[in-house]
Structures are given as C-alpha cells and as structure tokens.
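Residue numbers (the working numbering), protein chains in the order written: chain A, 1 to 111; chain B, 1 to 111.
Treat the hints as calculated values from the structure; they're not laboratory data. Be careful, since some hints might not be right.
[Said to hold, decoys possible] Below, in silico cross-link-like pairs of lysine to any residue (SDA-like), each with a Cα-Cα straight-line distance of 25 Å or less:
#1 A:57 - B:95
#2 A:57 - B:26
#3 A:57 - B:29
#4 B:42 - A:107
#5 B:103 - B:47
#6 B:2 - A:7
#7 B:103 - A:56
#8 B:103 - A:44
#9 B:42 - A:111
#10 A:57 - B:85
#11 B:42 - A:19
#12 B:42 - B:58
#13 B:42 - A:7
#14 B:2 - A:38
#15 B:42 - A:65
#16 A:57 - B:93
#17 A:57 - B:45
#18 A:42 - B:85
#19 B:70 - B:8
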Amino acid sequence: EPEVTQTPSHQVTQMGQEVILRCVPISNHLYFYWYRQILGQKVEFLVSFYNNEISEKSEIFDDQFSVERPDGSNFTLKIRSTKLEDSAMYFCATGQQETQYFGPGTRLLVL
Amino acid sequence: QKEVEQDPGPLSVPEGAIVSLNCTYSNSAFQYFMWYRQYSRKGPELLMYTYSSGNKEDGRFTAQVDKSSKYISLFIRDSQPSDSATYLCAMSADRDDKIIFGKGTRLHILP
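Working from the sequences, and respecting the hints, build out all of it.
As structure tokens, then:
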C-alpha cells in the first residue's frame, strides 16, 4: 500500500539555525499539508499546498516558515531561524479529494 | 468554546468489550468527519471517514455522525489489546480543507 514518507525521522538543531523537513507524497495525490504536534497537545494545521502554491496557512505559519515542491516529487517545509518553541513532531499529509494520509513524522528538537 | 472537544481519557476496558469514543464540535460548517488512530510517537493513521450525518461500518469499527447534535462517535466491537492507542477525532469543512483535530482519547485494552 502506498505511504507518505518523511525524512529525517529525528532532527536536533540549535536555536537560530535553519532546518528543512522533507516529505515524499503518495504519487497520485495533488493536495499537500503540514501539521505539527507539540508533545502532549493536539495535532495542529500549519499549511496546505495545491497546484504549486499555498492554499491556506494558519497563524503559526509565519514568515519563518516556507514550503515548496522543488522537483515535482518532494514536498519540503523550511524553518528559517528555529526557536525553542518550534520543537514538535511535524507531519506531512497528502490527499486526493476527501481524505488525508499522514506520514510518520519528523521529531524536531531545538536546543 | 473549543472547536472540537474530546475527552482525553485514559479509557481502560477489558479485552472483548465494546468501546465507545466520542467528540463534540461547535462549527456547523464541518461536513467531513474522520477518526484517526495514533500509536505513541507515530503519525495518525486514518481509520474511518464519513461525509455528513449517518453511520459507516468497517469490520469491528462503526462511525456515527449526528450533525443536529454536533456529536460524532466511534464504536469498536470485540476490542483487542492491539487496539490500544490514542484515537483522534477529526473534521473539516470542505473536501480538501485543513483538518481540525480533537485532542485524542488514550485507550487501553486490558488482556
């Protein structure tokens, strides 16, 4: 069964550093999303992406965040200057019409 | 009032029992309702998906949506220890829209 994959599975970085989280969507999916889950809290929407542009973004998704699909397959989330409060599990999700399928996540720890 | 409310549990039941999980919501624009299962430190796994009001059955799982009461439920029959996980209710207003999650209910099935 096709799956969403994410790399890396874990990332430790220093505050102020840039990180790039990568996702390989399910091949025929057209809609892409990033969510995050801070430890012990609910899964929160960050951004949705369709037809090579952002469809919607949340208040969390400020100027420090960006997304792109550089090569038509990978879907990336970049955090330009990480803060301590960016420590969380980041999930990529991809969808075709009504359902979204989640990847295993990248655990980001900002020190 | 929170957009989606879900009792975090934990809920412990003996193996073989029927489990009932539920959520309430406040946004009447929600049309698509999902249940995801999440194991510790893993991504959410889609279990059930329902559009609008009604029931949907898949094996041991039954999802119910009552839009008039803004109440959704997931029933698990003949529960197994492998069903032990966190169950997230989730919903969206449109087919490709962002998903709003409940906080999740931790379920333990006791052998």
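Hints versus structure:
{"no.": "1", "hint": "A:57 - B:95", "verdict": "16 Å, holds"}
{"no.": "2", "hint": "A:57 - B:26", "verdict": "21 Å, holds"}
{"no.": "3", "hint": "A:57 - B:29", "verdict": "18 Å, holds"}
{"no.": "4", "hint": "B:42 - A:107", "verdict": "10 Å, holds"}
{"no.": "5", "hint": "B:103 - B:47", "verdict": "16 Å, holds"}
{"no.": "6", "hint": "B:2 - A:7", "verdict": "33 Å, violated"}
{"no.": "7", "hint": "B:103 - A:56", "verdict": "22 Å, holds"}
{"no.": "8", "hint": "B:103 - A:44", "verdict": "10 Å, holds"}
{"no.": "9", "hint": "B:42 - A:111", "verdict": "22 Å, holds"}
{"no.": "10", "hint": "A:57 - B:85", "verdict": "29 Å, violated"}
{"no.": "11", "hint": "B:42 - A:19", "verdict": "21 Å, holds"}
{"no.": "12", "hint": "B:42 - B:58", "verdict": "23 Å, holds"}
{"no.": "13", "hint": "B:42 - A:7", "verdict": "14 Å, holds"}
{"no.": "14", "hint": "B:2 - A:38", "verdict": "18 Å, holds"}
{"no.": "15", "hint": "B:42 - A:65", "verdict": "23 Å, holds"}
{"no.": "16", "hint": "A:57 - B:93", "verdict": "15 Å, holds"}
{"no.": "17", "hint": "A:57 - B:45", "verdict": "23 Å, holds"}
{"no.": "18", "hint": "A:42 - B:85", "verdict": "15 Å, holds"}
{"no.": "19", "hint": "B:70 - B:8", "verdict": "18 Å, holds"}
The structure is inconsistent with the numbered hints 6 and 10, although it conforms to all the rest.
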